[in-house]
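What follows is each chain in one-letter form.
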Amino acid sequence: MSAVPAPCGARDDAEPKSEGVWHAAWRRFRGDRVGFWSLVVVAAFVLLIAAAASGLLARDWQEEVGVPNAPPTLLGARTAGPAGAGAIEAPRGPDVDLSDIDPLAPRYGEWDERARQYRTQESPKQETLPFGGDRFGRDVLAKAIKGTEISVFVGVAAALCATLIGTLLGALAGFFGARVGDLLEWVYNVFESIPNILLIFAFAAVVGRGVESVVVILALTGWTGMYRQVRAEFMKHATREYVRSAEAIGASASSRMFRHILPNVSHVILVRMSLLAVGFIKAEVILSYLGLGVRVDQVSWGTMLAEAQSELILGYWWQLATATLFMAVFVTAFSLATDALRDALDPKLRGLE
Amino acid sequence: MAAYLIRRLWQMIPTLAGVVLLVFFLFKASGGDPAEVLGGLNASPEQVDAIRQQLGLNEPLWVQLWIFVKQIVTFDWGRSWATNEAVSNLFATRLPATLTVMLPILVLDTLLALPIAMAVAYRRGSLSDRAVMVVTTVALSISFLVYIIVGQYLFAFQLGWFPVQGWSESTLTNLLVYVPLPVLLAVMVGVAPQTRLYRSFFLDELGQDYVRTARAKGMTEGAVLFRHVLRNAMIPILTNIGLQLPGIFVGSFLIEVFFSIPGLGREVLLAVNRSDFPVIQAVTVYLAMLTMVINLLTDLAFKLADPRVVLK
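Heads up: the sequence lines are chains A and B, in that order.
In terms of my numbering, the first sequence opens at residue 1 and continues consecutively.
In terms of my numbering, the second sequence opens at residue 354 and continues consecutively.
Treat the hints with care, as some may be off.
Said to hold, decoys possible - Going by beta-carbon spacing under 7 Å, a handful of chain A positions derived as facing chain B:
1. Ser193
2. Ile197
3. Thr324
To be verified - Listed next, the stretches of chain A that the computed footprint assigns to chain B, with coverage defined by at least 3 CB atoms under 8 Å from CB atoms of chain B:
4. 56-65
5. 152-162
6. 182-192
7. 308-320
As the list claims (entries may be wrong) - Computed from the model, here is a short list of chain B residues facing chain A with C-beta under 10 Å:
8. Ala370
9. Thr453
10. Pro457
11. Val499
12. Leu512
13. Thr592
14. Asn626
15. Ser628
Think of the hints as simulated: they come from the structure by calculation, not from any bench.
Beta carbons are placed, not taken as given, at the ideal position from N, Cα and C, and that holds for glycine.
The following block holds chain A by itself, in its conformation from the complex:
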C-alpha cells in the first residue's frame, strides 16, 4: 500500500519540492568559479554596450580630439621632431609682392573683407590619449567602446535570427517528419553542400553593405547547425510519453511542439545560440575588414583592425592592440561562460570538450 501516491494536498509538506532544471543549472553554474567570473565580465560588457547605445559613453567617437596618431598616455607625447616626418617646412625669406603682375590683385582687399566675416577657431588637440588616437586623432578608446556595441550587436542579433530560423524549421522537420521533413531536409542539404564562405559571399554580393545586411547574411547562412540539432531533439522527444499523453488529452500539434517539447530542449538551443554568437562576432570582424560589413561612418572591431594594418607599418600599434584586447577579453569571457553554461545545463557533458 505504501506505493500508492499520497493525496495531492498532503504531498507538499511530506517531501520537499524537487528542483527545477533551471534552478539546478543555476546552482551548478554558481559553483563553477571560472564560469561565474566570466559571466561577470560579460555582464560588465553588457553594461558598457548599454551605455554606448544610450549615448552615455563614446557618443562623440568621431570627434578628432587628439593630434593624428596620438600615442597612448603611458608612452608620453611624441618627442621626435615636429609633427611627423612628412611635415612640410614653412618657407623662409621675405614675401615677394606680386600685386603688379597678378591679375587677381585688385580683388585682394575684397577677399580680405570676406574672410574677416568668418572666424576660425583653433581647437586644442591633445598630444596623448588614454589608449592613443587613430590617423584622424580620434580617441581609440571611444572607438573601441562604440565598436564593441556594433560588433556584439551584430553577433547576438544574427545568432537570435539564426536560432529562430533553425529552431522553427528543425521543430517542423523533427516533429512532423514525412513530407515536411523530407522537404526541409532537402533545403538543409542544399545549404550544407555549398561551402560556408561561398554562401556568405554569394549572399553578400546581393544583399549589400551595412549592419543590417551583415545580420541578414550571417543568419541566412548560419542556421543549419541549429536546425540539425533541434530536429534531432524533436525527433527524440516526439515519441516520449509526456508528448503522447499531451496528444491523448487533445493538445494540438503546435501546442505539443512549442508548449511541451520546446521547453524541454531549450537548454540545447541556448548553448548552441551562445556558440553561434561567438562565431558570428568573429565573422563580422572579418566581413567588416573585407569591406563587406559595416559602413564607413560606423565603427566595429573589424573596421578598426582594417585601419590598424596600415598604421602598424608606420609603428602606430595602439589601435590594433586596443581592438584586439577588447575582442579577446569579451570573446574569451563569453566562450568560458558558454562552456560553464553547457556544463551546468548538461552535467553529462562536463569537461568533454
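Assemble the complex: chain A is given as a structure, and chain B must be docked to it using the hints.
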C-alpha cells in the same frame, strides 16, 4: 556497393537542383539589373537594352533558368564581367595556387593536433591539460585577422625571415619561398580548435569499457593508446578531416588577400566587390558539386577503413 553508389549519385540530383535554384533566384531576386552594371554609368538606354537582349534578360524566367542550366552543363559561362577573362579559365589558373597553400595547412594541422590532443586527453585534468585548454580558449578568441596582421608585420616586415607577399610561376619556388609564412600562421591558428576537438574524441574513447579491459589484461599503456584508442578515435577524426576537405578548394581567402596569392578565394572576393556575378555563380555551383562528390568519397573511404561501417 554498386547499388549504394548509384543511390547516392541519384540522391545528389535533387540537392544539385536545389543549389542551382538557390543561386539562380538569389541573384535574380536581389542582384540588381546586370545590364546596367555591365553598361556602366554612361550607357544609353539602347545599349542597356542590347545587353539585356544579349544576356537573355528579356526572356521569361524559365528560359533564363534554362540558359543558366545550360551554362552549368557546358562549362560555358562566357566571360567575367569585370576582367573579360573566360570564367572556365578561372578554375584552371586559380585552383593550383589555392591548393599549394591549403594542402600543407591541412596536413600540418592534422599532424600537429593529433599528438597534442592525445597527450592532453591522456593527462586529462592535469596542469598541462588545463594549461592547454586555457591557451587554446584565449588563442581562439583572437581574430584570425590579428594573427595575420601581426605575423606578416613581425616575421616578414620587421625580421625579414620571409617575403612580405608574392607569388611565382614555379610551384617549387612558391612552396619554398612564398608558402611557408601563410602556412605557419594558418597552422598556428588552426591547431587550437583542432586540438580541442580531437581531445574530446580521445576522451570519448578513453572512457570506454574496452580500454579498461585492455588495461586489466595488462597491456602496456602504449599499446592501449596506439593500438586501441587511436584506431577507434580515428573514425570521428577522419570524418572531421573529410568535412574540411571541400574547404581547401575555396582556400582561406584572408590568407590569399594578405599575401596576394592568386587563388580562388581571393578571386571570389574580388568578384563580390565588383558585382561580377558569373564568377560567383560558377564558383558556388561547381564547388557545391565538388563538396558532394568529396562527401561521397569520404563515406566510401570509411567503408574501407572500418569494416563495421554499413553503407545504407
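Hints versus structure:
Taken as an interface hint, A:Ser193 checks out: its beta carbon lies about 5 Å from the nearest beta carbon of chain B, inside 7 Å. At a threshold of 7 Å, the smallest CB-CB gap from A:Ile197 to chain B is about 5 Å, leaving the interface hint in force. Look at A:Thr324: its Cβ gets to within about 5 Å of chain B, closer than 7 Å, so that hint holds up. Only residues whose C-beta sits within less than 8 Å of a C-beta in chain B count toward coverage, and the segment 56-65 of chain A has 0 of them, not enough to reach three; the restraint is violated.
Counting residues of the segment 152-162 of chain A whose CB lies closer than 8 Å to any CB of chain B gives 0, so the stated coverage by that chain is violated, three being the minimum. Restraint check on the segment 182-192 of chain A versus chain B: 5 residues with Cβ-Cβ distances below 8 Å, three needed, restraint holds. Only residues whose beta carbon comes within less than 8 Å of a beta carbon in chain B count, and the segment 308-320 of chain A has 5; three or more means the coverage holds. Because the smallest distance between the Cβ of B:Ala370 and any Cβ of chain A comes to about 9 Å, under 10 Å, the interface hint for this residue holds.
Look at B:Thr453: its Cβ only gets to about 18 Å from chain A, farther than 10 Å, so that hint breaks. Of the supplied interface hints, the one on B:Pro457 is violated, with its beta-carbon coming no nearer than about 19 Å to a beta-carbon of chain A, more than 10 Å. The beta carbon of B:Val499 comes within 5 Å of a beta carbon in chain A, closer than 10 Å, and the hint placing it at the interface holds. For the restraint placing B:Leu512 at the interface with chain A, the shortest Cβ-Cβ distance is roughly 14 Å, beyond the 10 Å limit, so the hint is violated.
Residue-level restraint check for B:Thr592 is violated (minimum Cβ-Cβ distance to chain A is 14 Å; threshold 10 Å). Checking B:Asn626 against chain A by beta carbon gives a least distance of about 7 Å; that is within 10 Å, so the hint holds. Checking B:Ser628 against chain A by beta carbon gives a least distance of about 7 Å; that is within 10 Å, so the hint holds.
Violated hints, in rising order: 4, 5, 9, 10, 12 and 13; the structure is consistent with all others.
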